[in-house]
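Trainee: Letter by letter, the chains look like this.
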Amino acid sequence: MWDRGAYEKLKAHFPEAILGVEESRGEVSVRVKAEEVLKVAKFLREDPELSYDMLVDLCGVDYPEREERFEVVYLLHSMKDNRRLRLKARVREGESLPSVQEVWRAANWLEREVYDMFGVRFEGHPDLRRILTWQGFEGHPLRKDYPVEGKEEGFELPPEPPDLEPPEWLKEEGDGRYMIVNMGPQHPSTHGVLRVILKLEGEQIVDAVPVLGHLHRGVEKLAETMSYLKAQTLTDRLDYTAAFSNNLAYMMAVEKLFGIEPPKRAQYIRVMLAEFSRLTSHLLWLATHALDIGAMTVFFYCFRERETILDILEAISGARLTPSFLRIGGVAKDLPDGIEERIEKFLDEFPSRIAEYEALLSKNPIWLKRTKGIGVLQPDDAINCGVTGPVLRGSGVRWDVRKALPYSSYEEFEFEVPIGERGDTYDRYLVRLEEMRQSARIIRQALRKIKDTPPGDIVIKDPYLSPPPKDQVQKEPHALLRHFKYFSEGPAPLPGEAYMSVEGPKGELGWYLVSDGTPKPYRFRVRPPCFVNLQALPLMVKGHLVADVVAVIGSIDIVLGEIDR
Amino acid sequence: MIWPLIKGLGVTIRRFFSGPVTVQYPEERRSVSPRWRGIHYFEATEDGDTRCVACGLCVAICPPKAIRLVAVEREDGSRYPEIYELDAIRCIYCGLCEEVCPVDAIKLSRIYNVVGSSRSELKWDKKRLLERRLEKEAVG
Amino acid sequence: MEFVYFLIETAIKVIVVFAVVMLAVAYMTWVERKVLGHIQVRYGPNRVGPYGLLQPIADGIKAFFKEEVIPEKADKVVYVMAPAIPLVASLSIFSVIPFGETVRILGREVKLCIADVDIGLLFVFAMASLGEYGIVLGGWSSYNKYGLMGALRAAAQMVSYEIALGITVLGILMLSGTLNLSEIVRQQIEGHWFVLYQPFAFILFLICMFAEINRTPFDMPEAESELACGYNIEYSSMKFAMFFMAEYAHLLAASSLVTVLFLGGWDGPWLPPGLSWVWFVVKVGLLAFFAVWVRGTYPRLRYDQIMKLGWKILIPLALANVLFTGLFMVV
Chain A
1 MWDRGAYEKL KAHFPEAILG VEESRGEVSV RVKAEEVLKV AKFLREDPEL SYDMLVDLCG
61 VDYPEREERF EVVYLLHSMK DNRRLRLKAR VREGESLPSV QEVWRAANWL EREVYDMFGV
121 RFEGHPDLRR ILTWQGFEGH PLRKDYPVEG KEEGFELPPE PPDLEPPEWL KEEGDGRYMI
181 VNMGPQHPST HGVLRVILKL EGEQIVDAVP VLGHLHRGVE KLAETMSYLK AQTLTDRLDY
241 TAAFSNNLAY MMAVEKLFGI EPPKRAQYIR VMLAEFSRLT SHLLWLATHA LDIGAMTVFF
301 YCFRERETIL DILEAISGAR LTPSFLRIGG VAKDLPDGIE ERIEKFLDEF PSRIAEYEAL
361 LSKNPIWLKR TKGIGVLQPD DAINCGVTGP VLRGSGVRWD VRKALPYSSY EEFEFEVPIG
421 ERGDTYDRYL VRLEEMRQSA RIIRQALRKI KDTPPGDIVI KDPYLSPPPK DQVQKEPHAL
481 LRHFKYFSEG PAPLPGEAYM SVEGPKGELG WYLVSDGTPK PYRFRVRPPC FVNLQALPLM
541 VKGHLVADVV AVIGSIDIVL GEIDR
Chain B
1001 MIWPLIKGLG VTIRRFFSGP VTVQYPEERR SVSPRWRGIH YFEATEDGDT RCVACGLCVA
1061 ICPPKAIRLV AVEREDGSRY PEIYELDAIR CIYCGLCEEV CPVDAIKLSR IYNVVGSSRS
1121 ELKWDKKRLL ERRLEKEAVG
Chain C
2001 MEFVYFLIET AIKVIVVFAV VMLAVAYMTW VERKVLGHIQ VRYGPNRVGP YGLLQPIADG
2061 IKAFFKEEVI PEKADKVVYV MAPAIPLVAS LSIFSVIPFG ETVRILGREV KLCIADVDIG
2121 LLFVFAMASL GEYGIVLGGW SSYNKYGLMG ALRAAAQMVS YEIALGITVL GILMLSGTLN
2181 LSEIVRQQIE GHWFVLYQPF AFILFLICMF AEINRTPFDM PEAESELACG YNIEYSSMKF
2241 AMFFMAEYAH LLAASSLVTV LFLGGWDGPW LPPGLSWVWF VVKVGLLAFF AVWVRGTYPR
2301 LRYDQIMKLG WKILIPLALA NVLFTGLFMV V
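Quick note, the sequences are listed as chains A, B and C, same order.
Counting from 1, one number per residue, gives the positions in the first sequence under the working numbering.
Counting from 1001, one number per residue, gives the positions in the second sequence under the working numbering.
Counting from 2001, one number per residue, gives the positions in the third sequence under the working numbering.
Be aware that one or more of the hints could be misleading.
What the hints assert, rightly or not - Quick list of the computed label-pair ranges, beta carbon to beta carbon:
1) B/Ile-1083 to A/Glu-412: 47 to 55 Å
2) A/Gln-204 to C/Ile-2070: 52 to 60 Å
3) B/Thr-1022 to C/Ile-2070: 48 to 56 Å
4) C/Leu-2054 to B/Glu-1121: 49 to 57 Å
5) A/Glu-421 to C/Pro-2199: 53 to 61 Å
6) A/Arg-437 to C/Asp-2304: 54 to 62 Å
7) A/Pro-167 to B/Val-1053: 31 to 39 Å
8) B/Lys-1127 to A/Arg-129: 34 to 42 Å
Unchecked claim - From the derived model, a few chain A residues whose C-beta atoms are all more than 12 Å from chain B:
9) Pro-48
10) Asp-81
11) Lys-151
12) Lys-264
13) Leu-313
14) Glu-358
15) Ile-450
16) Glu-489
If you are wondering where the hints come from, they were derived from the structure by calculation, not from laboratory data.
Using N, Cα and C, we set each Cβ at its ideal position, and we do this for glycine too.
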């Protein structure tokens, strides 16, 4: 899965540009000289053997003690051979890197984010502006010398609201043919605070520019002040429609850092809860998507199912929206009594409910007119834009992290991955409906598998990584000491880095954690699927009418909590 | 092309007669599960005072730093919290404080109304947390 | 003397019809909310009065107390006058609709129809067309580019579907040979309901009716999830309520028209002539329920799709209907 042979090939081709190779937790990273990044990137994509056609993630890490303090990390994936490779380039403060936007379009917003958070400039980038903070913001928040509480002195409210004007390159042709119209941030259909600036020619859309950052809360910076256990509570609030997926992705990255794997029962419980959260996310998507297009009854029917699932999740974890149910090496509690009957009852009713949504929508001529042929995304564009999840699968690319890079014992489950044909809104709708059915199938298998594992075996029995049981704490002094050390400080992994991703309901949700040997993460990077997917919006919406923008945004399925973090 | 339209009408008319699924709050209430993480309360010793030994684990573990603790040493040498203040609005109801308390002093009940008419009313001190133990019994 | 009696009789009829229709319009909101609620597996309003029956009254009182906001640059006269126009137009349609059989009250033969004129059907279409002025004037006088766009679209939609509506009715006209609505009802009582002779026209008429009134699935001009809210974007309080009352009144008027033209008007078994209007009310009620049922089931069409449907599909179909009716009559 991680490409061990790439280093030799690259070294043979670019002897001075490649500075070395590192390996951490089984992941291979090649260090590149900053100026040569673009050449190496082009080679990596175009070489028929290597063919790294997808840029999964691009982030920065700040090492202020080094002279070249910023390290920009590129995570690449090759669809052909299902291989991954990491590239790293170091720059000094004030230096700039060439932009790889022309090689992978996904780099557009990702580089803007690195510029915003760290201040690293990218040459050749068509539109290097801040993305998560507002234009005119001073400072670069994710640098280590920027205080986590924010700066108060020297802060003035700008005289006019920032970002009122659309970017310059959008306004170019001033011959009056085009009209620039603003959609949002307060809008009933943009699923959160998203603002889209549309450039119209009559009624047809020529370009669309999303403006983000209204919900930016600084999660990545906050997590650097918390231990690994506490930081899990931050992850619930990213993709809040499917909180458990976030917990899972994060905790698996932590476990990769520590080099452990939870026991089977915990893994099956995790699989079951992850599929439940996929169901909650897809039900919410269907409800809001149908509501935007006008079918308001589907909204209520989906929420009826969602309530049942949230009741089950509440019985297991104690909260509906923010479970924070995982612990390092397992889950927090075992399944409560009687939950199996409730889940079976839900699973028995669920197929008829999906049939109900289908009867209302799938063959309805009005629905077909509103969604067929709307928002088409070609598969090559999709891969180049780094799009993952049902949006990618709707365009016909068979790629699912659960099958390609299986985690948490997904390889033991039988399920299918639906793919679409044309890449329009209708196909994405069908893909997600089918995914709901497959999730129900997986949950049933998980229930059966859980019954075969010993009850209570829910956390790895490692004295450093899991706390002692409560009854021991109150009696034995060594358990008390362990308890205190574990919760006040927390376990610290050896220095290194790890990247772990899951197939979230919206796409590949991954965490890139860098550890410096302390109990707090040195860098907590979220690979947000909706952020990367939303970049493809201008491609999908060009040539359509304004009323279609709402349908297309609905079919990408965005959650602003994850986009803005 | 017409048949799906009629089928759709059939689905909605069937649901029209099948009855609502909503709960008429506040006359009917939805029951919460036993594991629900509601508002906090203090467990008490025999003389009605808090079990808390002011170890500070809950303060350390709380992600939003919602707990304020001032510890003193009593005449018999034991630790005691002079001031224990929990800010119910900052709290994220994660339940970690309950998980870490070595003496099971602070626990989360199943009460889900977090109501107060001012911010100061929602900063709970020892007394309020001890009182809530009795309310919790009443609610169940 | 006869003339005075005539005036008194007409005045009473007008007052009764006006009161009943306004009450029906108010309670149409209740019907819509309750039916939509139950379709969506929830209760509709059920707090204000038993089964929420006092909800429309509560809404009316609230509307009275709301602040009236008039934009500074709006053309004040037109702005205030605009909501009244569609309401007046919709209510005027009721003046030619026969509600029941001719009854004997106090020794007089009283027709249950305010004005039984020989051009009844034409009058209905004329008043319906007049109603569109109010929307355009409302959108234009608000001095808001989004309001104007919404108003133009709504008006364009209504005008397009009027044509299809008119051609659809030609079939009925050919069968009955008269524009007098009471006469049409009488012919249906003696023969069969026209829906049996013109089923296709019935369905076409229903579709056009939904489009005329700007209801789902054709309510894009006033849908909230569009960019702009439509022609009533700058209206508040009572004037806003009047636009909606006009829409519901138009719905009831169109349902009454469908009842009269296709479903036999006040024809029905068992009831004495004095209570024949009960059947009329039942039929109109069923059609209103159908309108709400459709709203709760279907998504909405995009605006260009609505226009395409009206011009390219419905008008040819309506013309085909006329052709076949003609052939059928000749043969």
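Trainee: Would you check whether the claim that A/Glu-489 is not at the interface survives, using Cβ distances to chain B and the 12 Å cut-off?
Mentor: 8 Å, violated
Trainee: Verify the CB-CB distance for B/Lys-1127 and A/Arg-129 against the hinted window 34 to 42 Å.
Mentor: 53 Å, violated
Trainee: Return holds or violated for the Cβ distance of B/Ile-1083 and A/Glu-412 against the range 47 to 55 Å.
Mentor: 53 Å Cβ-Cβ, so the 47 to 55 Å window holds.
Trainee: Is it the case that A/Lys-264 keeps its Cβ farther than 12 Å from each residue Cβ in chain B?
Mentor: The assertion about A/Lys-264 holds, with a minimum of 23 Å to chain B.
Trainee: Taking 49 to 57 Å as the hint, is the beta-carbon distance of C/Leu-2054 and B/Glu-1121 inside that range?
Mentor: About 36 Å separates the Cβ atoms of C/Leu-2054 and B/Glu-1121, which means 49 to 57 Å is violated.
Trainee: Against chain B, does A/Glu-358 hold up as non-interface, every C-beta pair farther apart than 12 Å?
Mentor: 10 Å, violated
Trainee: For A/Pro-48, is the shortest beta carbon distance to chain B beyond 12 Å?
Mentor: Holds, since 47 Å exceeds 12 Å.
Trainee: Kindly confirm whether 54 to 62 Å is satisfied by the beta carbon distance between A/Arg-437 and C/Asp-2304.
Mentor: 34 Å, violated
Trainee: A/Lys-151 clear of chain B by more than 12 Å, beta carbon to beta carbon?
Mentor: 20 Å, holds
Trainee: Is 52 to 60 Å respected by the C-beta to C-beta distance linking A/Gln-204 and C/Ile-2070?
Mentor: Given range 52 to 60 Å: violated, Cβ gap about 35 Å.
Trainee: At the C-beta level, are A/Pro-167 and B/Val-1053 separated by a distance inside 31 to 39 Å?
Mentor: With a Cβ separation near 59 Å, A/Pro-167 and B/Val-1053 fall outside 31 to 39 Å, so the hint is violated.
Trainee: Taking C-beta pairs only, is A/Asp-81 more than 12 Å away from all of chain B?
Mentor: Check passes; 41 Å lies beyond 12 Å.
The structure does not agree with the numbered hints 2, 3, 4, 5, 6, 7, 8, 13, 14 and 16 stated previously, though it agrees with the rest.
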